[in-house]
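Chains as they are written, first to last, in full-length UniProt numbering: chain A, 1 to 443; chain B, 1 to 443; chain C, 1 to 443; chain D, 1 to 443.
I should point out that these hints are in silico values taken from the structure, not numbers from a laboratory.
For glycine and all other residues, C-beta sits at the position ideal for the given N, C-alpha and C.
One or more hints might be untrue.
[Claimed, not checked] Capping the alpha-carbon separation at 25 Å, the derived lysine to any residue pairs in SDA-like fashion look like this:
1. A/Lys400 with D/Gln428
2. A/Lys393 with D/Asp60
3. B/Lys400 with C/Ala347
4. B/Lys400 with C/Glu260
5. A/Lys400 with D/Gln348
6. C/Lys393 with B/Pro143
7. C/Lys400 with B/Ala354
[What the hints assert, rightly or not] Facing chain D, a subset of chain A residues (Cβ under 7 Å, in silico):
8. His149
9. His152
10. Ser254
11. Val359
12. Tyr380
13. Ala387
14. Arg429
There are 4 protein chains.
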Amino acid sequence: MVPRYTRPEMAAIWSPETRYRIWFEIEALAAEAMGELGTIPAESARVIREKGGPRAEAIDAAAIARIDEIESVTRHDVIAFLTYMAEGIGEDARFMHQGMTSSDVLDTCLSVQLTRAADLLIADLDRVLAALKARALEHKFTPTIGRSHGIHAEPTTFGLKLAGHYAEFARCRTRMVAARAEVATCAISGPVGTFASVDPRVEEFVAEKLGLTVEPSSTQVIPRDRHAAFFCTLAVVASAIERLATEVRHLQRSEVREAEEYFHPGQKGSSAMPHKRNPVLSENLTGLARVVRGYAIPALENVALWHERDISHSSVERYIGPDATITLDFALGRLAGMMEKLTIYPAQMEANLASLGGVVHSQKVLLALTQAGLSREGAYAAVQRAAMATWTKLGSAEGKSFRDNLLADPEVAGKMDAAGLDAAIDPQRDFRHVETIFARVFG
Amino acid sequence: MVPRYTRPEMAAIWSPETRYRIWFEIEALAAEAMGELGTIPAESARVIREKGGPRAEAIDAAAIARIDEIESVTRHDVIAFLTYMAEGIGEDARFMHQGMTSSDVLDTCLSVQLTRAADLLIADLDRVLAALKARALEHKFTPTIGRSHGIHAEPTTFGLKLAGHYAEFARCRTRMVAARAEVATCAISGPVGTFASVDPRVEEFVAEKLGLTVEPSSTQVIPRDRHAAFFCTLAVVASAIERLATEVRHLQRSEVREAEEYFHPGQKGSSAMPHKRNPVLSENLTGLARVVRGYAIPALENVALWHERDISHSSVERYIGPDATITLDFALGRLAGMMEKLTIYPAQMEANLASLGGVVHSQKVLLALTQAGLSREGAYAAVQRAAMATWTKLGSAEGKSFRDNLLADPEVAGKMDAAGLDAAIDPQRDFRHVETIFARVFG
Amino acid sequence: MVPRYTRPEMAAIWSPETRYRIWFEIEALAAEAMGELGTIPAESARVIREKGGPRAEAIDAAAIARIDEIESVTRHDVIAFLTYMAEGIGEDARFMHQGMTSSDVLDTCLSVQLTRAADLLIADLDRVLAALKARALEHKFTPTIGRSHGIHAEPTTFGLKLAGHYAEFARCRTRMVAARAEVATCAISGPVGTFASVDPRVEEFVAEKLGLTVEPSSTQVIPRDRHAAFFCTLAVVASAIERLATEVRHLQRSEVREAEEYFHPGQKGSSAMPHKRNPVLSENLTGLARVVRGYAIPALENVALWHERDISHSSVERYIGPDATITLDFALGRLAGMMEKLTIYPAQMEANLASLGGVVHSQKVLLALTQAGLSREGAYAAVQRAAMATWTKLGSAEGKSFRDNLLADPEVAGKMDAAGLDAAIDPQRDFRHVETIFARVFG
Amino acid sequence: MVPRYTRPEMAAIWSPETRYRIWFEIEALAAEAMGELGTIPAESARVIREKGGPRAEAIDAAAIARIDEIESVTRHDVIAFLTYMAEGIGEDARFMHQGMTSSDVLDTCLSVQLTRAADLLIADLDRVLAALKARALEHKFTPTIGRSHGIHAEPTTFGLKLAGHYAEFARCRTRMVAARAEVATCAISGPVGTFASVDPRVEEFVAEKLGLTVEPSSTQVIPRDRHAAFFCTLAVVASAIERLATEVRHLQRSEVREAEEYFHPGQKGSSAMPHKRNPVLSENLTGLARVVRGYAIPALENVALWHERDISHSSVERYIGPDATITLDFALGRLAGMMEKLTIYPAQMEANLASLGGVVHSQKVLLALTQAGLSREGAYAAVQRAAMATWTKLGSAEGKSFRDNLLADPEVAGKMDAAGLDAAIDPQRDFRHVETIFARVFG
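In isolation and in its complexed conformation, chain A is listed as follows (with noise of 0.2 Å):
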């Protein structure tokens, strides 16, 4: 957890006093359960409930240090915690934990962190999108050259591009709520998950409760093949966030200027170069996604427990478990608060677009010319002729323009003539259907 990189509604959820709330409630759900079963005394299900209740909600710094005191005996967390409430509950409090064991409790309060980080980070996605189809709508028909190998294709819009990342963040919204489900299980099923010494039915009272499944077959531990899927998922997604990143950074670029990070008042570039913007968001994104495409690999790593479960999985969650979802909920805000803030450059794209002496319209040539007669090699060729010859005297005084070029081309002169080609090249043709493809993303 780096303080910079964390916002406080995700923190909380990893703080120690949720996390003791959290175990609080599971056992006192779960002696709920057992009271209403009769397997304790329901009275001392109520006394849990009333006497531990209040004791949980005022864990505090000094609580968490007794508790941290009674660990440093027992060596054990979840004993720890329940020798700390048992000081508050009194005699009843030997009801609590009946025939569970600390798995129970430990991964049953994983899946309410895990599933509240991916609420959150469904939030996050929900504003990232917005922004991404404001500024869509925006610039629908804002024209600007794509480009493929980082080299001038074809005419696109600046709408288009926005809405090709519109429709990934779409696809990683859906990948969250299902990995939302495969982590939202509750496992109270006791040594080794044999429901020996505890009902299945206190599993089922504690699940729904806590509005979480029953996990259908626990080994003790909630099986980590789902946190090892939740965990990649959180990967694929950072991984989105580092394409768009790039496309900012390669935006915001001295040659390319088409666009720029929001620039704060007082904001200083660098501290030896007063002169310069620097995208430092975007490029803090691309860090940010490496670190949380970091921990898919530990996360996968822990799925081979030992037998019906080994420990080892629990200090990977301890640093992934929050530095992932922190990461990522403050990387998706943000990049939302960049791109609703993104200046854009149209002119600037304009003058991008006619910077190449029209070779990119290359292609629209090289189909009429095929339309025309010409062999496709035949075409290729000529089409390239006059695309070399453009691009490598560009600016330069016996420079000519691609359709000058293509016109002085015997070949090309023979199959078209300048109206020919101006229709060939019409600026139109590029964005006939940009209508189609918004439907497409947007609906």
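Given the structure of chain A, go ahead and fit chains B, C and D onto it with the hints provided.
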């Protein structure tokens, strides 16, 4: 691709012959759609199909060498292929690939290959599931010790162990179906994905014929978040394989010997030590799981392509496309076979279960003592005392069973007599919810 | 950073206070060098040191809050710090940072932090090595079964096991020393690393004072291949930890019980099962190894910065700088303590060694039979036959020892009598080169 | 292994023929040592060499098929090979492999293969270094803009850019030499590495003949921390490739056009757009870097083998041994060729350098103003003001150069006249330490 870990059916999906045939199919379907739309002569589309079909079908090593030869000049694989096809189709070939770009062919082909691969993997998973279910039902009530941290915990059944793995592979199957859908899209959208020179109805036609859906917004390429999600899913499946393989490796340890991989007549376990019978299949699967997992990282790094596309993903996919699917296919097949033939030793399971003098019943005694009025802490201390006394003298002359040590403990004896103790540790209690879990897992 | 896996000495290296003090030291040293060179007034350099030194030393929570407040306007951390320092130093502060860029400060600071961290890690490794050596010497000739594939293979000694791990950690120490050298460079080269406005002698001076070497060619930043190599080295060390931790986990298995982590008075192994004594330290180390390993990937992804630098590496390093070193420091400390106090059970080792009826001597019999004239294949088959007969009837009434089964085999008996067999399987043969190996490993 | 990314010399190291020949060489050498020591008849060792040598040399596809056939029964690769060899050597073959275990052969063979591979990779690095040095010297003083964050920062030279990459690859070469030493060990130590049935002098003999050192403590296998370090080193080299490839991709962007990959006569950049000349080599290298990097993870996971060894590492190494070395060999060869033939456009570099109206000199003005008595903060604000005024009106009618904007600023003008300003921004200042850096890098 390692020949010994390769099965022919999956390998065939990735052969150059298959790839070229899919390429042709895409081109031919696109031509047919364009013929219907009138973009190209319908007759040309017919000729392309009639002359090209047999030519594509006949592609063999010699044809591939010829295509490679052309590519060595054009340095472009799709153009080389089109040139080769044109040599056989004749003049009408100039109407192939009209308004399309290589990515339309390459990416849609990859979708076809990955979905075919996914179909095989799903069938593989079905075989694993069938094996696990059969063996789980067979050993539904075979008692065995459950282990947490590698330490005897409480009894379970061998069927329950397998049921847990079944549930995990059932989840993997669900994930594979979702992963298949992720990559089952078709893009025929031309340069930078604008449909400037190709009608979106061409894409719709090709998609439908190939059993794919249209890519809502391609940017010349099908976005690689889809593929990242696909390969991450394979990594999760690989990790599930590793968990089951690890279980078998543990069960076959010399000290455990509860199960054993089938040992073939004539098989030699070691070049040096003729007594060896090693769990080489499950060890092999452990390694293969690492291999498949490793491919998730480059797949994730492939997402952030530059602008409308760069081609950095391509070389990665030439490796991980075949390698991940072929390896996982082999591993699942090996796993299924291993589980189908696994030799299981119930007598040894019983012996191991009894080997710790009964301390594995400690929780049931703890609960009974708590119910009988001891505080949780007091009961815990008494039971731990008797357990440690039993364990540390196991097998020695002065050693006593857990039961005897408990009855000799005044604090315990004050609360419970021999009959009460025997009722508490009745082994039948351990298995009373086996049916519940089986019903949850197998329906 | 997870508090429970954090030791104060390593954490202190990464505190904001330490960072700001190193920043000041770099600026003060650079000013002194510039003062000597006459680039800035020598008197100003003196004032910067005299007023700035105590101010940096006094940086506390309030000061950090003030710096954060400035950063919230400038959005630049180094400028915020310089502004804060200027508030205390006065007019001469304008001669700080002359011709330098933030990276000069940040990257050189990171070098100081990583080399300090490396020093702690090397000391940690020394403690692990000392513990392994002591226990290895203690158990130099304690017989135990060697296992390949988890199957009893041939006898070895417990000291030999530990010697192998010692050798591995000795290699890790060598690698850590090399990794430290990788990151022990200083860059004070100004924007894009050209020294346009700062004399290379400033860099030489600062480097020498800080115990670093000059970076031969920085491009504003110290190249990140150095850091990638550093974090990969930590990943290798983590994997060595995992190997030893895995060994301990295996040795403590209920069926093996050859060694056990120290169990503290008052410790509770399980909230549910009072009999449990779990290898929780080695399981924990297994998880921590996964965490450290996971940081190698983002470190490698940090290498390919754009042009002379981008800042995407920075956020990654804010995580993995502290997290990887703090976690590894904790893990090595825990490992050393675990090995120092590991309870070892030689009697159980002897019992396990004998438990397979002697089949573990199969290779020696194979060799003796080959020497006695049987073909390798014939001898192999005879020995395998006797071994399988022994093994499969272990503990049953009709079971016989490997020795007896061999003598009852006509093919064996034709080549070797009982005395010859006993000579062949003399256990002393197994240990005759222990001294050789110890001499190789411990010198 | 992907054929198109495979070069024959590296592939040959990993062919089955080569592997079997190395196996034989190890067995023959071991037999010779045993013959000398009297463990086996010296005559038999001679026969093994004389009959086995030609047989091994003659291994071809048919022989391999025969070995595979034997393996299909024994399910053990080394035994299959020994049986095949025995068929040709005759009776003396029973003295092969005496006291050895398969790992002795397999692991020592892998060491031979990896050191051979390392030798090729080092030669590859030498070619890359030579190319970088030649181009760096050629463009030692070719001015170009240095960029941080993708934004123009200050001038540098193209030679300096390349010098930085040279230094990085020189470090990679040093690391490869160290990585080669890591894996250059020989183990002939028999089951569980105790030398119970093989004299350590055999290992010494074989090691020396093969140019390896003895493994101080093998546990039947050569410890895999060595291989993990090896593959991590390849991952670092791959990342260095990616950095240089990324630079070329940026330089070839349409808007930058400062350098271009060599475009072959007949080459086609795009099937659709004849004007395209794409940086496909550097994009390809970016992908290959991801592939090689991905192999580090399974290599690290291979370290924690169980007890004295398990065989999970083996399947991993069948993939990553060939794939990582073959891919990196190809990538380095491609990189060297790309840099040797890179087309460089100094005129375009000059044009880009001038394109921001001179704001790239902002630091020099800042320093001059500070020296002239302005406070750092005041100077920064003034220079930032002039830079922003220049930048935001670039190319427009009312646009002015940075120099003119500065002189029009009263605060600046109060401290500095035109002559002073021109002295401050004299471009020669930027290159005055080029020689120093070249001397550091190239010696």
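Comparing the hints with the structure gives:
no. : hint                   : verdict
1   : A/Lys400 with D/Gln428 : violated (36 Å)
2   : A/Lys393 with D/Asp60  : violated (57 Å)
3   : B/Lys400 with C/Ala347 : holds (19 Å)
4   : B/Lys400 with C/Glu260 : holds (21 Å)
5   : A/Lys400 with D/Gln348 : holds (18 Å)
6   : C/Lys393 with B/Pro143 : holds (22 Å)
7   : C/Lys400 with B/Ala354 : holds (24 Å)
8   : His149                 : holds (4 Å)
9   : His152                 : holds (4 Å)
10  : Ser254                 : holds (4 Å)
11  : Val359                 : holds (4 Å)
12  : Tyr380                 : holds (5 Å)
13  : Ala387                 : holds (3 Å)
14  : Arg429                 : violated (14 Å)
Comparing the model with each numbered hint stated earlier shows that hints 1, 2, 14 do not hold.
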